[in-house]
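Chains as they are written, first to last, in this note's numbering: chain A, 1 to 348; chain B, 1 to 348; chain C, 1 to 348.
Quick caveat, the hints were computed from the structure, so don't treat them as lab data. Source: prediction; values computed, not measured. Every residue, glycine too, gets a C-beta built ideally from N, C-alpha and C. One should not assume that every hint holds.
To be verified - With the C-beta cut set under 8 Å, the calculated list includes, among others, these residues of chain A facing chain B: (1) F93; (2) Q94; (3) V99; (4) Q102; (5) R112; (6) N162; (7) T178; (8) T182; (9) E184; (10) K190; (11) T297.
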Amino acid sequence: MKKSLLALALLGSFAGVAQAQSAVQIYGTVDAGFIKRTDQSMAIGKRANNTLGFKGTEDLGNGLKALFQLEIRYEPDTGTIEQGAGGIQRPLFQGQSRVGLQGGFGMVRIGRGLTAFQETSTQFEPFHGVPSPAGFQTDLTVAGYTSDPLGLVGNSTNRFSNALFYNSPDIGGFQINTTVATKEGNQSAKIIGRGTDTAPQYAAGANASANPYSVSATYKNGPVAMMLAAERNAVESELWSIAGSVMATPALKLMASYTAQDQEHTRLVNPETDSWVVGANYTMGAGKVLIGYGRKTPDGVAKTKQFSIGYEYSLSKRTYLYFDASNKKGPTVPSSIKHYAVGVNHAF
Amino acid sequence: MKKSLLALALLGSFAGVAQAQSAVQIYGTVDAGFIKRTDQSMAIGKRANNTLGFKGTEDLGNGLKALFQLEIRYEPDTGTIEQGAGGIQRPLFQGQSRVGLQGGFGMVRIGRGLTAFQETSTQFEPFHGVPSPAGFQTDLTVAGYTSDPLGLVGNSTNRFSNALFYNSPDIGGFQINTTVATKEGNQSAKIIGRGTDTAPQYAAGANASANPYSVSATYKNGPVAMMLAAERNAVESELWSIAGSVMATPALKLMASYTAQDQEHTRLVNPETDSWVVGANYTMGAGKVLIGYGRKTPDGVAKTKQFSIGYEYSLSKRTYLYFDASNKKGPTVPSSIKHYAVGVNHAF
Amino acid sequence: MKKSLLALALLGSFAGVAQAQSAVQIYGTVDAGFIKRTDQSMAIGKRANNTLGFKGTEDLGNGLKALFQLEIRYEPDTGTIEQGAGGIQRPLFQGQSRVGLQGGFGMVRIGRGLTAFQETSTQFEPFHGVPSPAGFQTDLTVAGYTSDPLGLVGNSTNRFSNALFYNSPDIGGFQINTTVATKEGNQSAKIIGRGTDTAPQYAAGANASANPYSVSATYKNGPVAMMLAAERNAVESELWSIAGSVMATPALKLMASYTAQDQEHTRLVNPETDSWVVGANYTMGAGKVLIGYGRKTPDGVAKTKQFSIGYEYSLSKRTYLYFDASNKKGPTVPSSIKHYAVGVNHAF
């Protein structure tokens, strides 16, 4: 009996340790593999984003919580912070950096993160939003749209900096997500747009001409899920999107999306682009097949067509191997690019 | 009884886990809010520093401890490492990077961190040292002084790199803190000083002309606290400061500081600047009012005057909301700058 | 009895916490001290690498494990990410960034890290591989060789990016380690080599002309250890090395290595360099003496000779003080460089 009491006493001190540590949770992903592209030599790279994150919540009582999340992004093949176009390093916390409150009213956060549309649309993309060329998320799913045209050179194209994020609670299957950003500029390069090289429409480091916003509404009912979304970026390009998915059988998820972008504010000719993507995920034991096909159709420019097939084999809940093959045809050089990848994804 | 023993056995293994983990403690702050300045559009930014830190201590026996602390600084509105003037990124561990020993003799550390003066003076500043324009710490409290004139462009102005830090134990309310740096240069831009553009007093990347040092002495006695401090930087600008505070009632803290800077080593004219700041903090339940007024008076240049009022409302011990209003008048364009901020500060 | 059950119930929840947290282990080193070099003013710097790492393993069953390791490198004297030549920042995870699987077959990892030769050779170096000028690892142990000539300017010279790492299991004392990299370029500066300034042998950002590889074989038998290694880098410089050590008494470790580099692929004249290092470690209670002497002999260029003596005094298993003195003579200015260091190394 004495020993039991001692055990409890020790437990008390452990409780303290555990509570203090639960304030910060470390998590992340390492994804690396071999990549072969038609016109490039064999490379080592990633399929999904690589993250090292720190997050936590604090119970404020009365159902209110404070929360934060800071997410490093990196390249495991070279050890650098995540790189954008031209090998330029992105922000340390490229994944997200947000602080906020959560309660019966939903969740409100301040900082930088995926826009409401960009975050929601991954649920209707056959490669669950991975940025690999085998996936559709970064190009066809968004009709070639960028959420952050006035960001630093090399920055990602699917986030708002300086933004307020609101997610409503789930009410009978409905949820609304909104993101609104300030007009703050962020050391961007100039955008000529409807101006000239010497008098660009947006000078280097310009402020937004209107507050960027993004909104998505989702509805879930049993096997069916739907999304309706709209977004406007800092140079007033506009996007709207509709998407849906259905669990046709417990193992088979079918999905489709349509997205239209209007760049009339900065383009005299061919301002419109629309795109659609259809796909399926089929689960067989530890394996899952991912299939997708999509088209992007800009005004007066050659179409882009992409077909991709992937296979994920789970070694555990946290670790899987992947095998991708993809063919993308469009106004690129070469006009047809085949992409193959095999690698491992480990979550921690 | 068997179960109790099992519990103890399990506790043994937990003890191992807990001990190993206690070696590194993760902590930090996320502070983000809306900022409106007279001459700028609405922005999202910070009021206090944003930190993500790693620290730990090791008991060496005989009252001796080894300790380390590494503190990342970042900007939550854009996800980048903390930025200085011109958007230039500061060191990853901008907060501090130090290792040292602690014992009956006090604490000695090597690395980079706030100077003795800069760290101590925050206790006599009405906005507890936050770098927001509503606070006085970064300008009026220090009489416009910089601790690191030969640091990298964009570096913070209140730290020594390459330094030895010593804090004495508390002896009858007295404590001495000293910081001494080597003369190592750090890729700084040139400083013309008393030289010319082609023959600057300090060339780019120059070494210090004397060892920078900083010393502060504090005395605490019941409700009263006092500080006397002096510092010399790498280009031999000198500073001294006196400050005091008193808890007039358990809820009311009054404080005042006077600081003088002498830049004669690098300036032919107007080498002296002095400044004073008075302030009060008044606690009402979960709320706290912060009030401050200060003046900076450089030789032969227009005075700077600042009045600030803030309100902090605690949602918990770790989370508070803040509301600031400030007016600063001086030789700036525009000559009067009003600053308003509302936001949230969450510690983890 | 009820309390015992409660204890067990609580233990259950702790088990969950412990398991979740064991996924990520934080570790690292802080090493800082005073350095005096013949021709430079007193400085604060490091002797060993400074690391902040995140690692974890996941049991996949059947003896298979998934594992990852991400290791930040930094400079404690200035708080920056580790810097290479010219103060250029290295990758965030300069230490390593790897993910892989471990099982009966050994360990296979993908990413960036020390090559098989560079990692193994530290075991036969009298200063256990520290990059300090007092140590031999970065110059004499490797005969002046660089593993990554096509890396970013300022990058470390002992790692492969974009590589596959394999370590065999220990079979009767034998182990084989191999590293193979893709030919991917990494924004390197041009290498004139056997070309001309306008037509360099390797253009800026060039791909490797052959797949870089590194292999080391080790044998351990009681007090004796041996290594045989070979490596080829991205510009086809070749290296081979043989090394051995013996525990002459339980307190005395003797060691020696010989290494030869052939740069014929990029050099018309004097393509060969060879070097040898001999050393001893002698342990006396909490103290350890490190002694080494080595020579590097390039074709037709003046020899480099180095003698070093160090002393490490352990305050605990995780913390030690060090004292180094070293003299290096060679084709440098000045031709003889004396190096003294005293500092502290703390592991966490």
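Hint check results:
1. Satisfaction of the interface hint for F93/A is found here, the shortest Cβ-Cβ separation to chain B being roughly 4 Å, below the 8 Å cut-off.
2. Interface restraint check for Q94/A: the shortest CB-CB distance to chain B comes to about 6 Å, inside 8 Å, so the restraint holds.
3. About 4 Å separates the beta-carbon of V99/A from the nearest beta-carbon of chain B, less than 8 Å, and the hint is met.
4. The beta carbon of Q102/A comes no nearer than 12 Å to any beta carbon in chain B, farther than 8 Å, and the hint placing it at the interface is violated.
5. A least Cβ separation of about 4 Å between R112/A and chain B falls short of the 8 Å threshold, and the interface hint therefore holds.
6. Here the hint on N162/A is kept, as its CB sits about 4 Å from the closest CB of chain B, short of 8 Å.
7. The closest approach between the C-beta of T178/A and any C-beta of chain B is roughly 15 Å, which is over the 8 Å cut-off, so the hint fails.
8. Interface restraint check for T182/A: the shortest CB-CB distance to chain B comes to about 5 Å, inside 8 Å, so the restraint holds.
9. With its C-beta approaching chain B no nearer than about 5 Å, E184/A sits inside the 8 Å limit, and its interface hint holds.
10. Because the closest C-beta pair between K190/A and chain B is about 16 Å apart, greater than 8 Å, the hint is violated.
11. At about 33 Å, the closest approach between the beta carbon of T297/A and any beta carbon in chain B exceeds 8 Å, and the interface hint on this residue is violated.
Hints 4, 7, 10, 11 from the list above are not met by this structure, while the remaining hints are.
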